[in-house]
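Undergrad: Sequence:
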Amino acid sequence: MKILSTEQIKAWDQYTIQHEPVASINLMERAAGKCFEWLEQNDYTGKHFSIFCGKGNNGGDGLAIARMLIESGSKVTIYILEFGHKGTEDFQINLGKLHQFPTADIHFIQDENNFHELSKNQIIIDALFGSGLTRPLEGVTAKLVEYINNSDCEIIAIDIPSGLSVDSSSKGNTAVKASHTLSFQCYKPAFLLAENAACIGEVHILDIGLHNEYYKSLVTKYELADDELIHSIYKPRNRFSHKGNFGHALLVAGSYGKMGAAVLSAKASLRSGAGLLTCHVPKSGYEIL
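Residue 146 in my numbering sits at position 104 of the sequence shown; the count goes up by one each step and never skips.
Simulated from the structure, these hints should not be mistaken for lab results.
All clues given are correct.
Once the Cα atoms are required to be at most 25 Å apart in a straight line, the calculated DMTMM-like pairs of lysine to aspartate or glutamate come out as:
{"id": "1", "residue 1": "K219", "residue 2": "E82"}
{"id": "2", "residue 1": "K117", "residue 2": "D194"}
{"id": "3", "residue 1": "K76", "residue 2": "E270"}
{"id": "4", "residue 1": "K52", "residue 2": "D268"}
{"id": "5", "residue 1": "K219", "residue 2": "E159"}
{"id": "6", "residue 1": "K219", "residue 2": "E237"}
{"id": "7", "residue 1": "K128", "residue 2": "E180"}
{"id": "8", "residue 1": "K44", "residue 2": "E265"}
{"id": "9", "residue 1": "K52", "residue 2": "E244"}
{"id": "10", "residue 1": "K52", "residue 2": "E270"}
Use the sequences and the hints to build the structure in full.
TA: Written out as structure tokens, the structure reads:
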């Protein structure tokens, strides 16, 4: 699986919108629908949700998920981080749709006085910031994230935990500490950094149908070894094959007191499929090998 940067993910979205074609609001609906399906399949529906939304497209995802949960009979409280300006077009469309539900409990957060009590049995959905975040959280936003982290609630992040940078280390920055991260289409570099382990929890990649032609054309620095990649390298073997069909490897390694590398390399060579292995090592290493 290719690991994509923020710019590549954004370009993939745009390519899909132009070449499928699909309206961005419908692509958002598709992403929210996949998140709702995951919640449904993992027995979360019917519970009490507190959904925290920014005013970007990640927040739009959160509003669409809130609507779907309300339709399924879940109790949902929505908190919108108020920056004093309108949200993105797709955010505003989903906010309008949500206002059509009398049971939609919507609150706006301007400062710490607007932080509501969170009970332990609630499920928090983090839709504050997605892949577009470019700087560390500060002010009321950072305090809100700390407030969320200090609750005893289970936290599910949409796309990426708020506060994390997609492309680089966020060590020392304030970020949501999620139990689960529901991300779209592919792994992000942030998911593979050890310092982010406490924030990302368990990562679930949801297929939202982004255009496959763009993905196939991409050249990336990094890839995650998954089943597809392994099967492309490791081909099925004929049941009548023998060691002569799989090559003869020569390993020249080791020195006095330094035979560990030779042993590991020899085992790796055989494990990876060499038919025959000859080890050229110093006499001092014969017995060890």
